[in-house]
Amino acid sequence: MTIRVDLPEETLAGVLAKAFGNRSFLIGLIITLLVVAVALVSFLWTPYDVTRLVIADKTQAPSWAHWFGTDHFGRDILSMIMVGARNSIAVALVAVGIGMGIGVPLGAFAAARGGIVDEALMRLNDLVFAFPALLSAIMITAIFGPGAVNAIIAIGIFNIPVFARVTRAGALAIWPREFILAARAAGKGMTRITVEHILPNIATLVLVQGTIQFALGILAEAGLSYVGLGAQPPMPSWGRMLFDAQTRMVTAPWMVIFPGMAIVITVLGLNLLGDGIADILDPKSRRRR
1 MTIRVDLPEE
11 TLAGVLAKAF
21 GNRSFLIGLI
31 ITLLVVAVAL
41 VSFLWTPYDV
51 TRLVIADKTQ
61 APSWAHWFGT
71 DHFGRDILSM
81 IMVGARNSIA
91 VALVAVGIGM
101 GIGVPLGAFA
111 AARGGIVDEA
121 LMRLNDLVFA
131 FPALLSAIMI
141 TAIFGPGAVN
151 AIIAIGIFNI
161 PVFARVTRAG
171 ALAIWPREFI
181 LAARAAGKGM
191 TRITVEHILP
201 NIATLVLVQG
211 TIQFALGILA
221 EAGLSYVGLG
231 AQPPMPSWGR
241 MLFDAQTRMV
251 TAPWMVIFPG
261 MAIVITVLGL
271 NLLGDGIADI
281 LDPKSRRRR
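Residue numbers are given in the UniProt record's numbering: position 171 of the sequence shown equals residue 171, and the series is strictly consecutive.
Simulated from the structure, these hints should not be mistaken for lab results.
Each hint can be trusted.
Per label pair, the in silico range of CB-to-CB distance:
1) G21 / W45: 32 to 42 Å
2) A17 / F179: 26 to 36 Å
3) G115 / I30: 40 to 50 Å
4) M261 / L124: 33 to 43 Å
5) A130 / M261: 30 to 40 Å
6) V36 / L16: 16 to 26 Å
7) G187 / M261: 53 to 63 Å
By construction, the Cβ of each residue, glycine as well, lies at the ideal position given by its N, Cα and C atoms.
Let the hints inform the model, and build the full structure from the sequences given.
This is the structure in structure tokens:
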């Protein structure tokens, strides 16, 4: 017996038409792809070696030789931003993967079982959620030392309760539906119903939350690097660049402006992308941006 979801179905052509007609999605996609492209290019080429110190060229203003200027060690800021992009994306991507990989099954299980199991898991969830990523990073750093890996762990742990809550809320709204009752009548178990019916119906919700957490992951990584708990020198990081520039905002403002713009533009692009995905995939949405 095949149980069909009673949500409106759309063809791929219809989804693509909505995507290309959604300004929020298009702008967000273009910005995100550009940032990813910059990060990928940095693996093969950067204008200058980011590990090379040229003290004679320190704090030079933007010019044809150094489009974004140089820092207090004579390093090219454009090159550092390019390499910092791949670090920020990698940390945020893995951290969101950890949160989604653990939080989604946890939230789906809690919604399926209900009762005391659901209550216990959600209270444990609240306990983890009470510790911000920065506080978790401080505790992890105190034990294992600072570094990008520990930043990933801290941000990933913080993401778990977020995805668990979103998944549980979405699943609880689906479980009373008629097609779920039909699936139960057909003899399907809790796990099979969750995999075949619950998760596909909340995939959009999880995907949109994933883009939001990705943007927050970029900010969290920058914040952790700013306080010295993220990527360590000589690996460039946008947050670390801002920390190094805080005492040179008057004498060398480009050291603050360009890394700050990189963070703002990346987060803006991801937020627009998530908003656009929500508009496109939500069958009840009729907004056009």
